Structures are given as C-alpha cells and as structure tokens.
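If you read the protein sequences in the order shown, they are chains A and B. Taking our numbering as reference, the numbering of the first sequence is continuous, increasing by one, and the terminal residue is 391. Taking our numbering as reference, the numbering of the second sequence is continuous, increasing by one, and the terminal residue is 1166.
In short, the hints are calculated from the structure, not lab data.
SDA-like mimics (lysine to any residue), calculated; alpha carbons at most 20 Å apart, straight line:
| hint | chain 1 | residue 1 | chain 2 | residue 2 |
| --- | --- | --- | --- | --- |
| 1 | B | K1162 | A | W319 |
| 2 | A | K150 | B | V1075 |
| 3 | A | K150 | B | G1074 |
| 4 | A | K76 | A | R47 |
Going by beta-carbon spacing under 7 Å, a handful of chain A positions derived as facing chain B:
| hint | residue |
| --- | --- |
| 5 | I124 |
| 6 | L127 |
| 7 | Y128 |
| 8 | S131 |
| 9 | A134 |
| 10 | M135 |
| 11 | V137 |
| 12 | L138 |
| 13 | V141 |
| 14 | W145 |
| 15 | A160 |
In this text, all values refer to a predicted model and were calculated from it rather than measured experimentally. Each residue gets a CB set at the ideal place from its N, CA and C atoms; glycine is no exception.
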Amino acid sequence: MSPPGVLVPGPFGIDPLVWVVLRLLIAVLLVVGLIFNGALLQILMERKLQAWAQDRVGPYHVGPWGLLQTFADALKLIGKEDVRSRFTDAAFFLTAPAITFTPMVAAWVVIPFAPGVQGIDINIGLLYLSSLGAMGVLGIVIAGWASNNKYSLIGGLRSAGQLISYEVPQILSLVTVVLLAGSLQLTKIATAQPGLQLNLFILPAAFLTYFIAALAETNRTPFDLPEAESELVAGYLTEYSGMRWGTFLALTEYGNVTIVSSIMTTLWLGGWNGPLVDQAPILGVLWFTLKVYVIIVAFMWIRLTLPRFRIDQLMNFCWKVLIPLTLTNLFVTATLKVALPAPWDLIAIGILNWGLVAAFIVLIPRLQRRRLERLRERLRTERERTLAPTA
Amino acid sequence: MDFIAPLIFVILAAIVVAGGLAVVLLPRITGSALSMGLSFLGMAGLFALLGAETIAFFQVLIYVGAITVLILYGVMLTGVAPAGADRRLFFQKQAGWALVPLKFVGVVATVFALSFQSNVVQQPGGDLEPLANAVFRDYAFPFEVASVLLLAAMIGAIALVKRGDD
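For reference, chain B alone in the conformation it holds in the complex (with noise of 0.2 Å):
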C-alpha cells in the first residue's frame, strides 16, 4: 500500500506539470486552453488524493466544466492571428523570465514554510461540513460580500457593453 499513493501523487504532479508547461509552450492557443483544463483535472486528482474531495470535485466543476469552456468561447470568438504575427509586446518576454523565477522561489518558500507543519490529517470525504462549516457560518459575512462584489462586476460589465445599445 506504501507506493500506491506516492505513485499516484507522482502521475498526477507529471500531468500538472505537463498541463502547465503545455499551457506556455503549445503554438495553438486552443491546445493551451485544452491543457490548462488538463492540468485543473490533475490538480482535482491531487485535491482528491488529500482527502478533500468536495474541493477536488468544486475544482472540477468550476475550472475545468465552467472557466476552460469560457476561454474556449472567448478565443473562438476573438479569432485567429495569422502565422507569423508577433503581437507580444516588446518587454512581455523578458518580463516573464524576470518574474518566473522570482514567483518560484516564493510558492516553493511558502509551500515549505506553512504546509508541512500542518498535522491534521483529514479524513476521506470528510471535508464537506468542514466546508460547509466555513463558507455558511463562520465566514459567512466575507462570502456574501465577495458575492455582492462579484455582483457589482458582473452588473458594471453588463453596463460597459450594453452603453449605447438602445
């Protein structure tokens, strides 16, 4: 039993990896916006590991059913840039590998420095009322205002786009 979980952890890291590399490195932006939800189902996969699986399935649900098709709509509807158009900006390269390092360095500090001096161990499928716990009592006020806020962008984005219409 010993293998079996670190050999599933590591299946799942190489397809999160992988995803993300995709993500970057595919000419098409299609094929990125396909592995961006490849690697979401791998990060579901490792939620899941964990023992939390009303997240690994929230994470399903949201990013791979909900946020991969709306940038699929969005780049079917914005069009192709013909072969060759280079529409970065002039910095956008070296900004990347500028800041591509700096924000490793930090996830990796962070991930050493908070999770691994956590000791609760959740029990399988045991993290729904903990959730539910979270969102509808304790921090119940903050949810709702980030609801309302999500609201108000949502209301000011329908605003922007239907000025003038009639």
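Chain A extracted, bound-state conformation (with noise of 0.2 Å):
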C-alpha cells in the first residue's frame, strides 16, 4: 500500500488524477453495495430465525422459500410515498436519516475483511470506529426533536443518555484488547492472535461486557428502548416512513450490527486467520464473514430469548455493573500486563479474567435477588406502616 498523499497509477494505465476518484466511487459503491446487502440478508435471518424459534414459518410468500421477501419489502420502502407531517422541522427531519447513516458507511473503511482486503490499514483504526460509533447519537436525537412528537422526543433523549451511558464500557473493554495487543491498528490486533491464542480464550470478560454493550450501542433487544413500542409508539421512528424509516432502521442499524461483530470478530476471535488462509489469502474473507455472522446469529438468538429492560434497569445496570467490572477488568489487566514477564502475563490474565466471568455469572443474579428481597421487604413494612391506624 503506498503512503497517503501520493497519486499512484491505476491499472489499465488510468491516469493517476482520474483513479484517485474513480478508486473512491468503487470503494463507496462496493460499501453500500455490501450495507444493502448485508441488511436485506440479516433480515431475512432475522425473521426466519424468529419463526423457527416460535414455531412458525416465517416468510415463505415472495421466492422460493421466502428469500426474496426482504427484496420485495425493499422495493415496497423504496416506492413509498415520501410522507411527512407538516409540523415536523423540514431541514433536520430530512437530514437526520443521514447523520445517522454516513458515520456507519464510514466505519466500512477500516475493516480488515483479509490480509491487504481493507480501505485503508490507519495505525488508530479502533479509535476511528469508536470516534465514529459516537457520531451516531446525533442523527437519533436531532430526529427525536425534528418529528415534533412526544413519544419521538422522549425515545431520542432515552437513545442518546443509553448509547453515551453504554460508550463508557465499550470502549474501556476495547482499551483492556489495545493493552494486550500494544497497538491500535486492526490489523495489527488481528496477527497478534496466531492459530487458537484467540483473545476470546485470553479476555473473556472483556468480550462479554464488550458485547453487552455492543447490544446497548445497536439498540437491539434487550436494549431496544428506544424503540419500545409498548411505551413509546416507535420511539425516534415514529413519525418516519417509507425509504426514510428504512435507511434509519434497516440500514443503520443492520450495517452498526455488522460493524460491531466485525469488531468483535477482529479484536477476540482472530480476524481473518484461520485454515489455509497463510496458502490463499483470499480465504480470509470467508473466515472473516463466517465469524461475522456467527455473532450476528448470537445477536438474534439473544433478541429471541430476552425480554425488553426497564429503563432504570438499563441505567442501573450499565453504571452499576458494567462499568465497574471493565474498570477492575482495565485497572488488573494492566497491572498485569506491566508486572509479568512475557508468557506469564497472558495467563495470569487469562485466568483473572475468566474468574471475573464466574463471577458476573455467579453474584448478578444472587446480588439482584438480594436487592428485589430487601425492596419487598421494606414495601411490605410500609405498607403495614399506613395501613396500622385504619386497622
């Protein structure tokens, strides 16, 4: 790869200037080629996952066994009247989609698919994700206010205090990786996990509130309050339709989750490497995409099976336990890493962090079943309490 700021000749003898351009309309094509995709795909999972698991069949209408229904819902979104209420603010309603959606074809840039396939190999690759994982919030929030409706403001304001609550643990989960790989280019990350010294075995604790808050940043279920339609209509959505709601939802969200397993994928379980890909680098990509959406599926299987939070459980949960333990999990990590010698550090870690694991696992739900204890206990004493005079 050739240095930033010099023009390089393109094949078939494009002149330098014009392949600097055209270099840049392939890789933007090919991006949103891979987001529509990727979406029209995960949503089909998604929804035929979702049959499976309740007993149904899911889409079997459009296609052969339903694979082309997310098509024709696309072309549905696409050919929608483009509706909007006249009290709704015209410039931001408009944009909002956009601002949410630019961030995430950005983030495309950095993801090494394999060896020599990414857009470009930066040396802060984890901290242009992170820094464009934080863009994000601002398209939600301006299209909470923009819609001119309550439910849509109030499910902006809780989006934006979620995803800058569940920042903290995200990217303190991806400092404990940076630690142990000493670099934050992605690339870099990737290598330092030869064959099965995956970080996955290495920094378990790390993965899982990684992923937790992975699940807060992509609004998905348990997470999805934004969204809440119990409470909130459609939250941010509410007043959206047509390609507008689908370019929020489908696209941002599907192309975020992608984002996420991808980074998953290369800080814990190795990237590219695997089988035969030292013989054809090519087979990175495949391994690659395989891990991808084995997280994706994960990520389903989770919405499947949990219910929605509450939104002080939400708070509670991300201040009062998330935060806590990637802090000690930082703070361990790195005294470790600086106390040890070479092959010792990685196991006393590895062992410090599947002990945290244990106990996320063992004491959250004993220390939550003490809590619900001690809150029936004080509503029934005061409940005696008012009740005594009348008795």
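Join the two chains into one complex using the hints; note that each chain is given alone, in its own frame.
Right under this line is the structure:
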C-alpha cells in the first residue's frame, strides 16, 4: 500500500488523478452494496430464525422459501410516497437519517476483511471506529427532536442517554484488548492472535462486557428501549416512513450490527485467521464473514430469548455493573501486563478474566435477588405502617 | 498533487468558517448546535490534513460525539423561547461587537507569531506515540491533576444538584 498523499497510477494505465476519484467511487459503491445486501440478508435471517424459534414458518410467499421477501420489502419501501407531517422541522427531519447513516458507511473503511482487503490500514483504526460510533447519536437525537412528537422526543433522548452511557464500558473493553495487543491498528490486533491463541480465551470478560455494550449501542433487544413499542409507539422512528424509515432502521441498524460484529471478530476471534489463509489470503474473507455471522446469529438469538429492560434497570446495569466490571478488568490487566514477564502475564490475565466472568455469572443474579428481597421487605413494612391506624 | 491538499484545505476551512457563522447567525438554537458539530467536523478534517489523525479522531469522538449531543440534550430540556421574546441582556450585543475584533486580531497575531516559524513536519499517522508519551510520561502529573480537578468539579456539581433531595 502506498502512503496517503502519493498518487499511484491505476490499472490499465488510468491517469493517477482520475484513478483517485474512480477508486473512491468504486469503494463507496462496494460498501453501499455490501450494506444493502447485508441488511437484506440479515433481516431475512432474523425473521426466519424468529419464526423457527416460535414454531412458525416465517416469510414464504415471495420467491422460493421466502428468499425474496426482503427484496420485495425493500422495493416497497423505496416505492413508498415520502410522507412528512406538516409540523415536523423540515431540514432536520430530512437530514437526520443521513446523519446516522454516513458515520456507519465511513466505518467500513477500516474493517479488515482479509490481509490486503481493507480500505485503509490506519494505525488508529480502533479509535476511528469508536469516534464514528459516537457520531450516530447525533442523528437520533435530531430525529427525535425534529419529529415534533412527544414519543419521538422521549425516544430520541432515551437513545442518547443509553448510547452515551454504554459507550463508556464499550471503549473500556476495547482498551483492555489494545493493552494486550499493544496497538490500535486492526490488522496488528488480528495478527497478534495466531492459531488458537484468541483473545476470546484470554480476555473473555472484556468480550462479555463489549458484547453487552454493543447490544446496547446497536439498539438491539434487550436494549431496544428507544423504540419500545409498548411505551413509545416507535420512539424516534414514529414519524418516519418509507425509505427514510428504511435508512434509519434497516440500513443503519443492521449496518451497525455488522460493524460491531466485525470489531468483535477482529479483536477477540482473530479476524481473518483460519485454516489455509497463509496459502490463499483471499480465504480470509470467508473466515471473517463466517465469524461475523456467528456473532450476528448470537445477537438474534438473544433477541429471541430476552425481554426488554426497563429504563432504570438499563442505567443501573450500565453504571453499577458494567462500568465497575470493565474498570476492574482494565486496572488488573494493565497491572499484570506491567508486573509479569512475557508468557506469564497472558496466563495470569486469562485466569483472572475467567474469574471475572464466573463472578459476573454467579454474583449478579444473587445480588439482584437480594435487592429484590430488600425492596419487598421495605414495601411490606411500609404497607403495614400505613395500614396500621385504619385497622 | 500540489493543488489537491490546498483544495481540501480550502473546502475544510470553508466548512469550519461557515459552520461558525451559522452558529451565530441561525435563529434556532438547535440549528446552531448542529452547525457547531459541522464546524468541529471540519476542524477534525484540518487536523487529519496536517497528519495529526489521532487528534482529529479525538476531536470527532469528544466534540462531535459528546459535546454537541450534550448541548442538544441541554437545549431540549430547557424548552424553547416564545417567538419574539428577547432574552438578551442590554449590553450583550455591544459587548460582542467590541470583543470580536479584539479576539480576531489576537488569534491572527498568535498564529502568525508562532505556527509559521515551526518547521516540524508530522509524518502521517505518526502522532499517536508522541501524544501518548506526552500525556502519560512527560506531562503525566499535570494530566492527573487536571483529571482530579475535573472529578472534584463533577462531584461538586452532583452535590449541588442533589442538595436536599433525600
């Protein structure tokens, strides 16, 4: 790869100046194609999986086995009339989907599909992804505000609160991995996990916290409060319809799911590493995609299994459980990394991380049960106190 | 090649200046907040153009992702002034007119006095390690003191808000 700022002649003797523009165009079209197809595929997958889990058939009318259902849906969305309520704030209402969509598209630049199959291999790739993840909030808040609708506004504000809160454990979990790999460069982090020495086995606690925070960042169940239909109609999406709604929900949400899954794949599952990659680097794309889709299926599985959080539970869980856990993990990992010599630090960090995971699984339900008991106890005494004079 | 970097610079500078002007001139405060985000984004682009990518992305992470959202949040919670209501203090406009030229001269003088004499050329993508060394080694103590100060300010703010709550 050439350093940025130096013009390289394109293939077939294309003029360097034309090639700069052409390359950009090809890359953008490729990414947009990937996002569209990914969204179509993932929506179909999600509906089929949901159907199987609930003992239904799922979409089966359009195409063989319902395969073309999402294509038909997409065509319907694009063909729909662009409806907008007169009392919405025109400029902001129309730009909000774009404000969430563009950072998501830009994030694809650094995702390493395989050795050499990457937009640009900057040395701060992880920082780049985090900063773009932070930008999407803006569009959601603006959408909620511009819709001039109380449900939308509450949905937008809830979403902003949720996204900003969960960004903290998300980035802290990333930092733990960065400490171990010693780089913010995604390709370096991927190549730092040869064979089965995956970060998943060494840093499972960081993976767990990142996974949970990523669920919250992408507004997936059990964290899909911004669009909780039982409370808020459709949250910040209430006033949107047609392809604007499609851009928001289908493209941005599923695109973001793909991006966080790619981050998890690169950071914890060894990225493109897999059998025969050294002989044929292009196989890396296959392994990468497979790993990404394993995580996406896990996301869908969770959506099928768990009910939605309440807003106070959501905030409590982030600030009282996830952030202390990630901070402990970061602190201990950093200390062990500095204190112990080369092979032993990994082993110590690994043991400690598994311990943290075990503590999380064992202690959280116990703490929760104890808290509930105390709450019930307080309610009982209060009721007795208030009922006492009348009795 | 020689004309591409200046061209990008001109575009980004125009975005920064236009965003800054829009912050002041737009009638609605939400519009101002968003234009501020745009201006910050343009500034991040300028940093990236200078080869300081880390600073550029911290600019996006903190200013576009956090500060702008915080301001929007604040705007939405404080409510909208009725149309025609003038909440300005009587000297606010005059003070602005007096301060702007002063500051402009100051900024331009500082820029020309300092930056154009420095001949350090930054390698692209090479600012991560110098930044980390500066923050965590050379200036670790001031950095920590500043963070303790911020923590104290935050606890103070919480204490003020929480007063008489329970």
